[in-house]
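K.L.:
On the provided structure of chain H, position chain U as indicated by the hints.
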Amino acid sequence: MVRLDAVGLRYGGGPEILKDITFRLDPGAFCFLTGPSGAGKTSLLRLLFLALKPTRGLISLFGEDVTALPQPAIPLMRRRIGVVFQDFRLLDHLTTFDNVALPLRITGQRREAYAQDVMDLLAWVGLAHQADAFPPVLSGGEKQRAAIARAVISRPELLLADEPTGNVDPALARRLMHLFLELNKQGTTVFVATHDEQLIRQTGAPALHLEHGQLRAA
Amino acid sequence: MTTAKPGPIIPPEAAPLRTLTVTMAVMCTLACLAIGALTLINRAVDQWSHGLSSEATVQLRQMQGVDPQAELAKLQTLLGQTAGIAAVTVMDPKDAARLLEPWLGTGNTADLPIPRLIRLSLDETHPPDLEALANRITIEVKGASLDTHQRWQAELTRMARSLSLLAYAILALIAASAVAMVIFATRTVLDANRQVVDVLHLVGARDGYIARQIDRRFLATGLYAGLMGVGLALLIFLILGLSGRVSGEGLAAASRSLLFAPPTVSLTSYAALLAVPVAATAIALITSRLTLIRMLRNVL
Chain H
1 MVRLDAVGLR
11 YGGGPEILKD
21 ITFRLDPGAF
31 CFLTGPSGAG
41 KTSLLRLLFL
51 ALKPTRGLIS
61 LFGEDVTALP
71 QPAIPLMRRR
81 IGVVFQDFRL
91 LDHLTTFDNV
101 ALPLRITGQR
111 REAYAQDVMD
121 LLAWVGLAHQ
131 ADAFPPVLSG
141 GEKQRAAIAR
151 AVISRPELLL
161 ADEPTGNVDP
171 ALARRLMHLF
181 LELNKQGTTV
191 FVATHDEQLI
201 RQTGAPALHL
211 EHGQLRAA
Chain U
1 MTTAKPGPII
11 PPEAAPLRTL
21 TVTMAVMCTL
31 ACLAIGALTL
41 INRAVDQWSH
51 GLSSEATVQL
61 RQMQGVDPQA
71 ELAKLQTLLG
81 QTAGIAAVTV
91 MDPKDAARLL
101 EPWLGTGNTA
111 DLPIPRLIRL
121 SLDETHPPDL
131 EALANRITIE
141 VKGASLDTHQ
151 RWQAELTRMA
161 RSLSLLAYAI
171 LALIAASAVA
181 MVIFATRTVL
191 DANRQVVDVL
201 HLVGARDGYI
211 ARQIDRRFLA
221 TGLYAGLMGV
231 GLALLIFLIL
241 GLSGRVSGEG
251 LAAASRSLLF
261 APPTVSLTSY
271 AALLAVPVAA
281 TAIALITSRL
291 TLIRMLRNVL
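As given, the protein sequences belong to chains H and U, one line each in that order.
Its first residue numbered 1, the first sequence is counted upward by one per residue in my numbering.
Its first residue numbered 1, the second sequence is counted upward by one per residue in my numbering.
For reference, chain H alone in the conformation it holds in the complex (with noise of 0.2 Å):
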């Protein structure tokens, strides 16, 4: 599902901040990430979800090297990916069904196709009520769980999230947690980053430890 080989990443010409990164998470993974803030955590999931090319090194996702797939067909890799972020990324201007509906409504589907399935989702984090609402005024577990729900609502293979419950009360974080499991349960590769090694004992999935841009099982 995942394969890195000898990952290293600089940022212009300034020090490597990922070195030799090699692990590799099998379809149907659970695993965390875990790390001191700096080790290059959010980096490394910049470098999954394609949003930045590695300075050296392999990058196989679904069985494709990435480092050498064609600016087109990126869009159709990151359809196959679901990325919850730190700092949400919800679209101020779209209603939480609007943004949860994106990753469908960019593929041409109509509102009618998918209307029903939006709302569903939104019923099973809990966020059916705030349907119309704006995210200006969700709360911080509102716009988190709505990150989640925009993540997930095209059934991606593959789950990305950086620090999803670093933002929420310790409740809210373990049934955010939860949210995962089930996920993971139906086929979902879950690859989570976060610094609560609470949470992680908590999980019981394995963890990698980044620290100073190197890999070590945890």
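These are calculated hints, taken from the structure and not from any lab test.
Quantities reported herein were computed from a predicted structural model and do not represent experimental measurements.
Backbone N, C-alpha and C define an ideal beta-carbon position, used for all residues, glycine too.
A partial selection of chain U residues facing chain H, derived with a Cβ cut-off under 8 Å: (1) P6; (2) G7; (3) V196.
P.N.:
Positioned in the frame of chain H, the structure of chain U alone reads:
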């Protein structure tokens, strides 16, 4: 279930295109004025050329030892026998003298050997061979020469061609300025919506899809600005046409002729004016699309 219509993916309020609309409308007005001038030049040249090419003049100079009346009779016979000449009018010597009055003053031409002038109306469908006619006149009639007005016609055509080129250059400059403005506005819109574009990219939107969300606004802007420009230009022509005393009768008549010419004539000028909004829309749409695709390609 939510019943609201899906919101616009690119918020229109993030980078309004009001400035572009106004400047493009002004550009379109200028383009219409240039087209109006071009139409008037072409029409005037057609009229002048038609007038000059359907007439010719024979000049019969007085020469020592030659009977002018006999030569005139000989000339009339020759012209009468030439096919392609519809009418021959011998100008009265007094009328010919009057033509010189602006230079020589009234009453000073009595003793001068003023040439006789003969006006020829040519058959436009079957005109005579003017070169052969000129040779025959020179050889057979002493002191006679044919003026075909070709020199005047050539100068008029040259002047008209220069004016036409100037009008085309103005149109090209207007189009180039419009392209530059659209590129600038496209960049502004993209910069103002950078976060939206990033999210769209990350959920798997293709560059073409993102570009379509933005360039449909440029399509509307181009069309609206073009129609406003044409409307403004027609208003200017109308005001000029109605205010002959202020703008000068020539300009007023020209403006009126643009607006109120017979349908066979005005159809082309109206079609040229209505091409302006079409061109403005095409410039806005194509330029914004190409700029967007080029810029989006550089964003991973």
